[in-house]
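The whole structure should be built from the sequences, with the hints applied where relevant.
Chains as they are written, first to last, in my numbering: chain U, 105 to 314; chain V, 105 to 314; chain P, 168 to 390; chain F, 168 to 390.
Rather than coming from a laboratory, the hints here were simulated on the basis of the structure.
Here the structure is a predicted model, which is why all the values come from computation and not from measurement.
Heads up, none of these hints are tricks.
Quick list of the computed label-pair ranges, beta carbon to beta carbon: (1) U/E165 to F/R304: 47 to 55 Å; (2) U/D274 to P/D369: 36 to 44 Å; (3) V/T222 to P/D369: 41 to 49 Å; (4) U/E111 to P/H372: 41 to 49 Å; (5) P/R304 to F/E266: 20 to 28 Å; (6) P/G256 to U/G289: 42 to 50 Å; (7) P/R209 to V/G297: 55 to 63 Å; (8) P/D369 to F/M196: 22 to 30 Å; (9) V/S106 to P/A307: 55 to 63 Å; (10) P/D185 to F/R309: 24 to 32 Å; (11) U/R313 to F/R304: 46 to 54 Å.
All residues carry an ideal CB built from backbone N, CA and C; glycine is no exception.
Single-letter residue listing:
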Amino acid sequence: MSLSKDEMAAVVARDIPRGAYVNLGIGQPTLIADHFEPGSGVVLHTENGMLNMGRAAQGPEIDPDLTNAGKVPVTELPGSSYFHHADSFAMMRGGHLDVCVLGAFQVSAGGDLANWHTGAPDAIPAVGGAMDLAIGAKQVFVMMTLFAKDGSPKLVPECTYPLTGMGCVDRVYTDLATFALGADGVRVLETFGTTVDDISARLDVPLRRA
Amino acid sequence: MSLSKDEMAAVVARDIPRGAYVNLGIGQPTLIADHFEPGSGVVLHTENGMLNMGRAAQGPEIDPDLTNAGKVPVTELPGSSYFHHADSFAMMRGGHLDVCVLGAFQVSAGGDLANWHTGAPDAIPAVGGAMDLAIGAKQVFVMMTLFAKDGSPKLVPECTYPLTGMGCVDRVYTDLATFALGADGVRVLETFGTTVDDISARLDVPLRRA
Amino acid sequence: MTAAHCADPDEAVAGIADGSTVLVGGFGMAGMPVQLIDALIRQGARDLTVVSNNAGNGDTGLAALLAERRVRKVICSFPRQSDSWVFDGLYRAGEIELEVVPQGNLAERLRAAGAGIGAFFCPTGAGTPLAEGKETRTIAGRTHVLEMPIHGDVALIGAHRSDRMGNLVYRKTARNFGPVMATAAALTVAQVHDVVEIGRIDPEHVVTPSIYVDRVVAVGSEQ
Amino acid sequence: MTAAHCADPDEAVAGIADGSTVLVGGFGMAGMPVQLIDALIRQGARDLTVVSNNAGNGDTGLAALLAERRVRKVICSFPRQSDSWVFDGLYRAGEIELEVVPQGNLAERLRAAGAGIGAFFCPTGAGTPLAEGKETRTIAGRTHVLEMPIHGDVALIGAHRSDRMGNLVYRKTARNFGPVMATAAALTVAQVHDVVEIGRIDPEHVVTPSIYVDRVVAVGSEQ
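Rendered as structure tokens:
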């Protein structure tokens, strides 16, 4: 069985070291927060200016001055801190986050990331903080389905969509397998309900076994 | 009569607008602080990270964590703020201070400033924040005697000492006269116990009358 | 000079000229200077360049300013949102210019303007369409792109509290762009929930020192 | 990772390698990490490059480290002081290298290292001996000089208080270089007067967020 979004999130959470400083991108990666073990000590950063963000706010907890990067009301945990946008992005761009997890349209075998623009001529471009996260974190993880809805692979020899960052992705977590990207190419670390051979047959990217 | 240091300080203080944000350089310019009128609203900046610095601390007021740029213990006034060194120099370099007042070895007719190094081959160079103040404040005032102890003029056609900043000085306050420097050359604004003709005879710089 | 305390938002935005570059704080509604934007709509300045993280939501605030055809150009990181129909319509009709800037470059270019930095090299966006036509340089083995400061004629920001001098503090993630934009504009206008006497904000806790704040207007408690 | 709490200054400086670039906070005695410097003297690392505003005073602290011939090079804005005889002697004897940096460039180059800025242009020092040999460029009609980041292997800083996570606050002008240096080093070590439980520092008041702090040691009340 391929993994559900929630199961993928659990796999990513398992691979994030205890006590790491982590930014979870808007969308699916936010699910990861629910899967850290109690006492993991993972500290979440949100680029709109906060460290040690808590879970989504409920009912009376909702404070319009306290949101995550997706503008969803959130809570604060003891030991949090607030800072302005230039300080927040300096933290990202200066290489201080241990891990960021981003969604993607495509990832290339060389670690290029495309996640901000489909290239459609009528699309209104909008990038947010994706390019800063892509170049800044010590490790960049991508979480996505391995194939698009039309069946085309999203792990590709070269991205056809406009890039977010060059050679920046370290790991790709998908519903069918987890991949490590590096100077030695693409290694399959784990498969889910399928085999390396089956995946290999459906991708244009040479795969190495873990 | 030429002006004493204290009288020079009073002349400079008189020319600083009410409510101005001001940095007073180490040495003689610190005397200016004693000459602002009560209620002038002038706010003093010290480059080691504070706005609205008060007078020198006395006796039990002395706090080793609260000093001016000359490392002299000072006090804080209501409405002060503290910030780190990069923020403090961003404030200076970004053009936010209305006035800074610096001492000088030499000022050229074109507004070049030399105040950090005599050029003596055995002198240990030390610049501090002088170069940042020289380029950053909206108006740069210099406060100095017009002649060195050996009688040589300190307002010169070109500086012979190593520069602190190029074309940055707006006003020169001396014991014998006050000068405005600008695109139209050097204008004498005021003389003290002497005449423009007398000063002119002792300087190599063409002088215009106010 | 110590910040001027304005009687109402209209006084706070008085004199903003046609053609101005206006920095508008906020990230979503947090820190958004809603009353100042409404006053700017009434004030009438046009041909504006607006620098803000987003390009307006729904039909109020920035979106209403855009709908009035008062904005020539938007510089932002993320114009496209579920309720950005006003911007979307103008953009698709070719009636508004857009410069999309990575959010970190937006913040850093604003900081550069405030800090006297003439230009800086950073890796964000290297190899992407957003760096096309920009100067690049390899530093420490990595491609860097040259970015220029963004100076504002005016900054409109929302803060939590001001003292009578203009020292500002913010609340939680409503801090966002306010402190940076305050440094980057020739005229900084802050709307705050309340104004307190001098000495009531601990000097250690000031986020935006008074030197950056030109006008303050109290707009009452948070909605 | 959450900051490690060290039993004493010796544990806090353990492992600093020969040849390291060490950023040392403080301006005069305010914010000077005196106990960490003393521990570094005992620890024994040599061939160090020290980045600090001054180059030591009297015979203690940085001056003592210099006197032990453990420092190859000093990068600072103001080495020459009335009581900088240790540095002065080594410098005149040609036994120590000196890079004099305008204080604002020192702070901004450290910030650049922490913020991922590869290089920046600014007007400070243009036309002076301190810009000799540096790339210049005219921006907006003004000569700018290209400045490079200063990265530290280690930062030794003095702060007022830490919580158990490593969030730091400072006191008055002792804040100075600490917050900037904390961002610019691979390993940041803070000495503080006391350590409090998590939650005891208001998140709005944190000056150095815990992400920048690797080791903390409490050295007791201010002397």
